[in-house]
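As you go down the protein sequences, you meet chains Y, S, C and L in turn.
Whatever position you read off the first sequence (first residue = 1), add 219 for the working numbering.
Whatever position you read off the second sequence (first residue = 1), add 219 for the working numbering.
If you count the third sequence from 1, position 245 lands on 237 in the working numbering, and the numbers rise without skipping.
If you count the fourth sequence from 1, position 230 lands on 222 in the working numbering, and the numbers rise without skipping.
Take these hints with a grain of salt, some might be off.
[Stated by the list, open to error] Mimicking DSSO-like on lysine-lysine, the simulated pairs with C-alpha atoms at most 30 angstroms apart in a straight line are:
(1) Y:Lys335 with L:Lys235
(2) C:Lys235 with S:Lys335
(3) L:Lys24 with C:Lys235
[What the hints assert, rightly or not] Covered stretches of chain C (chain S as the covering partner; in silico rule of three or more C-beta atoms under 8 angstroms from a C-beta of chain S):
(4) 195 to 207
(5) 251 to 259
[What the hints assert, rightly or not] Partner residues are not named here, just some residues of chain Y that face chain L (Cβ under 10 angstroms, in silico):
(6) Ala269
(7) His272
(8) Leu338
(9) Trp448
(10) Gly452
(11) Glu453
(12) Ala454
(13) Lys462
(14) Ala487
(15) Arg520
(16) Met526
(17) Tyr529
To be clear, the hints were calculated from the coordinates, so they are not data collected in a lab.
Idealized CB from N, CA, C, for every residue including glycine.
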Amino acid sequence: MTERDQEVNLRRRLSGLSRLPLLRGARLNGEAERLERQLERLKADTSDEAIWHSVELARHQDRPYTLDYVGRILDDWVELHGDRGRADDGALVTGIGSLDGRTVVLAGHQKGRDVKERLDRQFGMAYPEGYHKAMRVMELAERFGFPFISLVDTPGAYPGVAAEQHGQGGAIARSQAEMSRLTVPTVACIIGEGGSGGAVAIAVADRVLMQENAIYSVITPEGCAAILWRDAGEAKKAAAAFKPDALHCLDLGVIDGIVAEPEQGAQADHAEAARLLKAALVDALDYLEGIPGEELRRRRRAKFRGMGVYA
Amino acid sequence: MTERDQEVNLRRRLSGLSRLPLLRGARLNGEAERLERQLERLKADTSDEAIWHSVELARHQDRPYTLDYVGRILDDWVELHGDRGRADDGALVTGIGSLDGRTVVLAGHQKGRDVKERLDRQFGMAYPEGYHKAMRVMELAERFGFPFISLVDTPGAYPGVAAEQHGQGGAIARSQAEMSRLTVPTVACIIGEGGSGGAVAIAVADRVLMQENAIYSVITPEGCAAILWRDAGEAKKAAAAFKPDALHCLDLGVIDGIVAEPEQGAQADHAEAARLLKAALVDALDYLEGIPGEELRRRRRAKFRGMGVYA
Amino acid sequence: MTPPPETRIDVQVEHKDAPAPAGKKHPNTCPKCGSHYRDDELAAALWVCGQCGHHFPMRARDRISWYADAGSFTEEAADVRSDDPLAFFDLRPYAERLSEAELNTGLGEAIVIGQASLDAHPVELAVMDFSFMGGSMGSAVGEKFSRACDSAIEQGVPLLAVTSSGGARMQEGILSLMQLPKTVCAVEDLHDARIPMIVVMAHPTTAGVLASFASLGDVTIAEPGALIAFTGPRVVQQTTREKLPDDFGLAEQNFRFGHVDEIVPRPGQREHLSRLLRLFDGGQR
Amino acid sequence: MTPPPETRIDVQVEHKDAPAPAGKKHPNTCPKCGSHYRDDELAAALWVCGQCGHHFPMRARDRISWYADAGSFTEEAADVRSDDPLAFFDLRPYAERLSEAELNTGLGEAIVIGQASLDAHPVELAVMDFSFMGGSMGSAVGEKFSRACDSAIEQGVPLLAVTSSGGARMQEGILSLMQLPKTVCAVEDLHDARIPMIVVMAHPTTAGVLASFASLGDVTIAEPGALIAFTGPRVVQQTTREKLPDDFGLAEQNFRFGHVDEIVPRPGQREHLSRLLRLFDGGQR
Ligand SMILES: [Zn+2]
Ligand SMILES: [Zn+2]
Chain Y
220 MTERDQEVNL RRRLSGLSRL PLLRGARLNG EAERLERQLE RLKADTSDEA IWHSVELARH
280 QDRPYTLDYV GRILDDWVEL HGDRGRADDG ALVTGIGSLD GRTVVLAGHQ KGRDVKERLD
340 RQFGMAYPEG YHKAMRVMEL AERFGFPFIS LVDTPGAYPG VAAEQHGQGG AIARSQAEMS
400 RLTVPTVACI IGEGGSGGAV AIAVADRVLM QENAIYSVIT PEGCAAILWR DAGEAKKAAA
460 AFKPDALHCL DLGVIDGIVA EPEQGAQADH AEAARLLKAA LVDALDYLEG IPGEELRRRR
520 RAKFRGMGVY A
Chain S
220 MTERDQEVNL RRRLSGLSRL PLLRGARLNG EAERLERQLE RLKADTSDEA IWHSVELARH
280 QDRPYTLDYV GRILDDWVEL HGDRGRADDG ALVTGIGSLD GRTVVLAGHQ KGRDVKERLD
340 RQFGMAYPEG YHKAMRVMEL AERFGFPFIS LVDTPGAYPG VAAEQHGQGG AIARSQAEMS
400 RLTVPTVACI IGEGGSGGAV AIAVADRVLM QENAIYSVIT PEGCAAILWR DAGEAKKAAA
460 AFKPDALHCL DLGVIDGIVA EPEQGAQADH AEAARLLKAA LVDALDYLEG IPGEELRRRR
520 RAKFRGMGVY A
Chain C
-7 MTPPPETRID VQVEHKDAPA PAGKKHPNTC PKCGSHYRDD ELAAALWVCG QCGHHFPMRA
53 RDRISWYADA GSFTEEAADV RSDDPLAFFD LRPYAERLSE AELNTGLGEA IVIGQASLDA
113 HPVELAVMDF SFMGGSMGSA VGEKFSRACD SAIEQGVPLL AVTSSGGARM QEGILSLMQL
173 PKTVCAVEDL HDARIPMIVV MAHPTTAGVL ASFASLGDVT IAEPGALIAF TGPRVVQQTT
233 REKLPDDFGL AEQNFRFGHV DEIVPRPGQR EHLSRLLRLF DGGQR
Chain L
-7 MTPPPETRID VQVEHKDAPA PAGKKHPNTC PKCGSHYRDD ELAAALWVCG QCGHHFPMRA
53 RDRISWYADA GSFTEEAADV RSDDPLAFFD LRPYAERLSE AELNTGLGEA IVIGQASLDA
113 HPVELAVMDF SFMGGSMGSA VGEKFSRACD SAIEQGVPLL AVTSSGGARM QEGILSLMQL
173 PKTVCAVEDL HDARIPMIVV MAHPTTAGVL ASFASLGDVT IAEPGALIAF TGPRVVQQTT
233 REKLPDDFGL AEQNFRFGHV DEIVPRPGQR EHLSRLLRLF DGGQR
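If we strip away everything but chain Y, and leave its shape as in the complex, we get (with noise of 0.2 angstroms):
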């Protein structure tokens, strides 16, 4: 495809997009003029320098985490600890909550903001534990009809010598597949890094939408480069080759649409983050509402049985 193609071809799906009920609240907040900007950085975004400032700022220091999107558009909450198992992984919070109206159960991964809560809870990188918390919330949501969110925002999934013992392959393969089998209404967000099967794991959702400026991806730029280009310097070579960012995984037909940011980003203003953050889940919620539970599951694994490209 040559550069040209591929802006028609985004193009078109933007504007078939725009007209999805999905993206009804992007239009009444004024969202579409936002996509049209996405169209238009798009032309640059062949750079690398285009795709990896998303990848700075999925992981900016600054950028809302799940606890800081929970306290802004939630009305009521009440985090849910622990796996009944063994643990309660910091990495991965829980709880149930109100969203406009709305009972919902969450679930996200929760990185650190200063030295101590980072190590607490591993810089937002799930033990099997942390996948079977979420495991126990997914089945509360089911047993009630609640409709459950995911907030993924993780490097990937823990990578130490417990979390193996304990089974990180299994509870990841386990989680999607608890989450292949709800009948309620599921939509998850990429609110920063989408890192491999951790952050997959609670995101097998009837809608999956990205921030702006998040990233989602089956390995680091850095590990990509360490083993493609055998230098993790390489990093932007590699985010540039593997195109993380939310617009492509889009054109991929990964995600189901694009979450606006601030101006400047997420990081720049958490408050109105929140609100388009928001809007946007409550419209997602909105459209699948009417579906019956069998449906809603029968085309949720439709969806990602159809996700790939072959010959």
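Starting from the structure of chain Y, add chains S, C and L with the ligands where the hints point.
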């Protein structure tokens, strides 16, 4: 109740039972006479000695354990290991096998035969991981419609620091809950010691059987004596008071039938004990297999919800 | 809130792992910091030590008066009493222990159930009382808890259970063990009806009660310092000779190991429960 | 059983935790005990070292010839090939790597699927091949595995999957990550149809494949010494600086920690699988 009343009462129960489809096999195999003999023995059973004899036989070091029966009553057998989370608990074995042409899933406590195995298997006292493993195979049974059989033989759940930290109480509760949800036929048999929560965790079955000399109790005789008599040496007295023997369990409506043992007890003739156990299990499954799954579950819950005597 | 008729906790021999009975000490002496309180002071403070935050045991009726909106509580199954199916006799007859417990506590059994509202949210309550034979669960407790589940289903309101128990009541032999699957089945019936259960674990929540309905809450909160263990510290130590961690079996350890959702001191409980009830009221199904 | 066209394993750079490539050594030299074998010797021994039991990698077609009753295998989806949606180019273009892999292995992709019988039990096979770009999972592997699930459903026969993979194929970027939920959803569709899946984990079963369908077997067996890890030992050590246990990530450790049902050396596998298929055939529903 006088002893006389007690005898009449039991005779009525036993004769009623012998007409049940459950005991069809028993009649065919000449077990009715055995039950008569049990009844005869009951007249002497008010003595501490008779109950204590059951306690001793139930714990006899030569008594067949779960894997001794598995080898004799199942044609095919594949042991399934591990809870998919933390461990493979040797105190509780699980697997899939073929019973008289039917594929069944089986779980049972396993004591050790020699010193090393006893330590490895913690004397048949399972950790929470053991109950998680049991729940995993219950789900396997449910998914494929295989009947679930449990063989109970434990002094109780393991009373250790890690067992508590890993949630012993919750695991026992959830294992019972899982059994109460199954829609496949379930049969439990107490084959030795049915000790407290560790036993009932896998005994919430459509048909709960007990071998003639097995015991089923809320606490060990020694434990009860230590608390109520303040002297563990009064175990005989305690056993006589709380009556853990099969006949009394039948009388109290806690079990659905008694499985005969060889004349001198199961320890004296493993092959014959296995033959009798197999016949009882097959009879129970024959009886249950016509009943729809939802109805099985409804009746199972109604049975357990009806247990207890209050004013 | 009326002060309790009797604040002394009768630990009896039923519960092996509760803190040692106060002995000669005044029952209102804080076992943690030694502060003394008058009955009315302690009641006004929800039986929480003003000095160190220690949570004294709270009687079932006091807790109901506190949780339930004024005048909203209607007791159910108050007439259910324990029987003595084994004619059990240890150092004293079971029947005698039962009569004494009723006399000392003013309760018919170790649990009180009924309908109420909390902050205007209708709710079914099932509240255990440790002063009645160590909160042990026999047939009557199992039956009353199960009826609370059924009542919650019938009303279509959440069940709020408060646990405090030394375990199964061994004077009822195997029938006390059967209260585990009985109450578990009752909770499963509740869940099939999509009715939530919130559990508050008070000191101590152990053995047969922990290994049955207490562990099956959709949300589980614990009181600070509560012993929450299937096997208590003394038995673990005697049996395994393991060195026990300092906070072995306490609510705080259970929280760290992922077994309870939150530790909520009494002063914040009512608001916490009210928020949960509000949230459970907001489902779409 | 025909000897494989090419026994050298092309580890490439795709799999970071596989044993180091044999380098100058003859590929039939046992890395554990140093024994040498002729190709036909090794093939006759199912690529198991006769001296020490080390399991050499086994090619997909060899395994299929071995598992499947003679002449029973019918390949499916043989025409599915990888595309290059990102026009990915690292030190070399992805398209070039793909062509080379096909040339070197004689395979269209890192998995072969099809219908067969094993000891007269009809079964759907999905067998991965590590020699094709480290068994990495891109869109084509995900699609072929999913089609194997659908074929098993259609035939009403169990799915037998053999895994050997370095993880997701990063040259397909985010689409390779999406093969995790894709294959998971395919297995869930299989399970909804009450069709069993038996998984055999061969060396190495790691990262994206372990974190998706490989972990969802109803029964899971592992080959001795196979690396089974989400994150391999090198990355764990580099990231956390933790001291690794000797058997870190190996099948034996996974067994001890409860993640696999049994470790079955190749000589016993066929009988073990046959027994399992017989048992799964004996359900009442
Ligand atoms: Zn104090
Ligand atoms: Zn060798």
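Structure-based check of all given hints:
1. Y:Lys335 with L:Lys235: Holds, at roughly 23 angstroms.
2. C:Lys235 with S:Lys335: Holds, because 23 angstroms separates the two Cα atoms, which is no more than 30 angstroms.
3. L:Lys24 with C:Lys235: violated, 42 angstroms
4. 195 to 207: holds (count 9)
5. 251 to 259: violated (count 1)
6. Ala269: violated, 16 angstroms
7. His272: violated, 18 angstroms
8. Leu338: Because about 12 angstroms separates Leu338 of chain Y from the closest Cβ in chain L, which is outside the 10 angstroms limit, the hint is violated.
9. Trp448: holds, 6 angstroms
10. Gly452: Hint violated; Gly452 of chain Y Cβ to chain L Cβ min 14 angstroms, cut 10 angstroms.
11. Glu453: holds, 9 angstroms
12. Ala454: The hint is violated - Ala454 of chain Y has no Cβ within 10 angstroms of chain L, the shortest such distance being about 13 angstroms.
13. Lys462: Hint on Lys462 of chain Y: holds, closest Cβ of chain L at ~6 angstroms, below 10 angstroms.
14. Ala487: violated, 26 angstroms
15. Arg520: At about 4 angstroms, which falls below the 10 angstroms cut-off, the nearest Cβ of chain L leaves the hint on Arg520 of chain Y intact, so it holds.
16. Met526: holds, 4 angstroms
17. Tyr529: holds, 4 angstroms
The structure fails to meet hints 3, 5, 6, 7, 8, 10, 12, 14 from the earlier list, while all remaining hints are met.
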